[in-house]
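Assemble the complex: chain A is given as a structure, and chains B and C must be docked to it using the hints.
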Amino acid sequence: MSEKKRTTIILFSGEYDKAMAAYIIANGAAAYDHEVTIFHTFWGLNALRKNEHVPVQKGFMEKMFSKMMPRGADKMGLSNMNFGGIGPKLIKDIMKKHNAMPLPQLIEMAQEQDVKLVACTMTMDLLGLHQDELLEGIEYAGVAAYLADAQEGNVNLFI
Amino acid sequence: MSEKKRTTIILFSGEYDKAMAAYIIANGAAAYDHEVTIFHTFWGLNALRKNEHVPVQKGFMEKMFSKMMPRGADKMGLSNMNFGGIGPKLIKDIMKKHNAMPLPQLIEMAQEQDVKLVACTMTMDLLGLHQDELLEGIEYAGVAAYLADAQEGNVNLFI
Amino acid sequence: MSEKKRTTIILFSGEYDKAMAAYIIANGAAAYDHEVTIFHTFWGLNALRKNEHVPVQKGFMEKMFSKMMPRGADKMGLSNMNFGGIGPKLIKDIMKKHNAMPLPQLIEMAQEQDVKLVACTMTMDLLGLHQDELLEGIEYAGVAAYLADAQEGNVNLFI
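Protein chains in written order, with the working numbering: chain A, 1 to 159; chain B, 160 to 318; chain C, 319 to 477.
It is worth saying that the hints were derived from the structure and are not from the lab. A virtual CB, placed ideally from N, CA and C, is assigned to each residue, including glycine. Warning: the hint list may mix true and false statements.
As the list claims (entries may be wrong) - Covered stretches of chain C (chain A as the covering partner; in silico rule of three or more C-beta atoms under 8 Å from a C-beta of chain A):
(1) 328-335
(2) 357-364
(3) 378-387
(4) 437-451
Stated by the list, open to error - Some chain C residues judged to face chain B by a derived CB distance under 7 Å, without partners named:
(5) Ala347
(6) Ala348
(7) Phe401
(8) Gly405
(9) Leu408
(10) Met419
Isolated chain A (complex conformation) (with noise of 0.2 Å):
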């Protein structure tokens, strides 16, 4: 084991608040001087998602299912008081009022402190995700890469 402290998240919820959770915590820890991944499942995967279309070839429902989960972090909907997409305007709102970083800017912080941003590959084929159509700089792994960060790690958390 290093001497290292290390933080590894899953994030698998596909919320804008929870992702906001994960990766604040994310960025603490690096702070920290953590190791930190955030290993990305399920309908975690839409925060990486880049914000334009990309082209890619799909069959039907890999299709369907891409088209109706949110297109990167920006668009992602709340756990709670979603009201039909309003509440993430108003969150967002309320986080200018008091310089909290937005969603895609904590992503990008993270990116430079170096957290290891991972996405599962199992569940990418599940929902029809390319890697074309994710963010640059990610590393793509299984749930035998997770154990093996999470194995060794002090801050171990499901989101």
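Relative to the frame of chain A, chains B and C by itself:
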């Protein structure tokens, strides 16, 4: 503390995708030679229900609850894009295409790998679930047993 | 690292059943002689609200948010089978029948057992919650304080 690594998961949620995540991590950790426990509480207990009706004496409210909850892993909905029950069918079709194991098989595999499956007796009472309605070969315990496992654990998750 | 075991729970969710799970684990861990912290953030802050109206100066959006969020533990909904507010009543009736402690009492018990209850100041700002609106005897902190606790922890959960 034993030399073996230990993974302890609380499965609180009653959705197909979250239960899949729990069982994929559990099976992965067992393959990595961890001692693994999944502690099922609240809606997560539904993953352990037999899929046939079991005649047991229940009060009115317990009967209502257990009628409205999914009877077994295969009947659970999705936490996202459930679309009134179409979402799970779509996901299962896609999983078949990718040779991904469906949830009931993941549970069988966990039992074969000696993952300890525990049902929380306190929440069984609350939801009106009887031992006869749950799968064979599982254990029954409360929060003290959970903590005894978790406090020696390397990977602790709440799903 | 101190010799005492440590349990640190982030309560992000604002539902009665999830908060119950958090407080049952916390009380169990305290009985096991762990140092226990529950760090309340986002919707989990509602568990700490006083149940009466507290007159404080707020902007329009903060007023709206705090009006629509449940005022205290007893008013929270269920994450599943909420049925427009009937679900929580049913659960509470069943709990009474089984002599299970309702959430407000679980919170009192946690305070008596010296479980450290922390409110996340950053998300208090976002949701427009003031200290006057929250229970007495809690602490106020941010992600750095959370990490300081969690990185020495045995059981870390995100609920």
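For each hint, the structure was consulted:
1. Proximity of the segment 328-335 of chain C to chain A, defined as three or more residues with a beta carbon under 8 Å from a beta carbon of that chain, is established by the 4 residues found.
2. Residue count for the segment 357-364 of chain C with a Cβ under 8 Å from a Cβ of chain A: 3. That meets the three needed, and the coverage hint holds.
3. Judged by the Cβ-Cβ criterion of 8 Å, the segment 378-387 of chain C is covered by chain A as claimed, because 6 of its residues qualify and three suffice.
4. For the segment 437-451 of chain C, the stated coverage by chain A holds: 4 residues have a C-beta nearer than 8 Å to a C-beta of that chain, and at least 3 were required.
5. The restraint placing Ala347 of chain C at the interface with chain B holds, with a minimum CB-CB distance near 6 Å, inside the 7 Å limit.
6. For the restraint placing Ala348 of chain C at the interface with chain B, the shortest Cβ-Cβ distance is roughly 10 Å, beyond the 7 Å limit, so the hint is violated.
7. Nearest Cβ of chain B to the Cβ of Phe401 of chain C: about 9 Å, over the 7 Å cut. The hint is violated.
8. The interface hint given for Gly405 of chain C is violated, since its Cβ lies 9 Å from the closest Cβ of chain B, which is over the 7 Å cut-off.
9. Among the interface hints, the one on Leu408 of chain C holds; its C-beta lies about 6 Å from the nearest C-beta in chain B, closer than the 7 Å criterion.
10. Interface hint at Met419 of chain C: violated, since its Cβ lies 10 Å from the closest Cβ of chain B, which is beyond the 7 Å cut-off.
Violated hints, in rising order: 6, 7, 8 and 10; the structure is consistent with all others.
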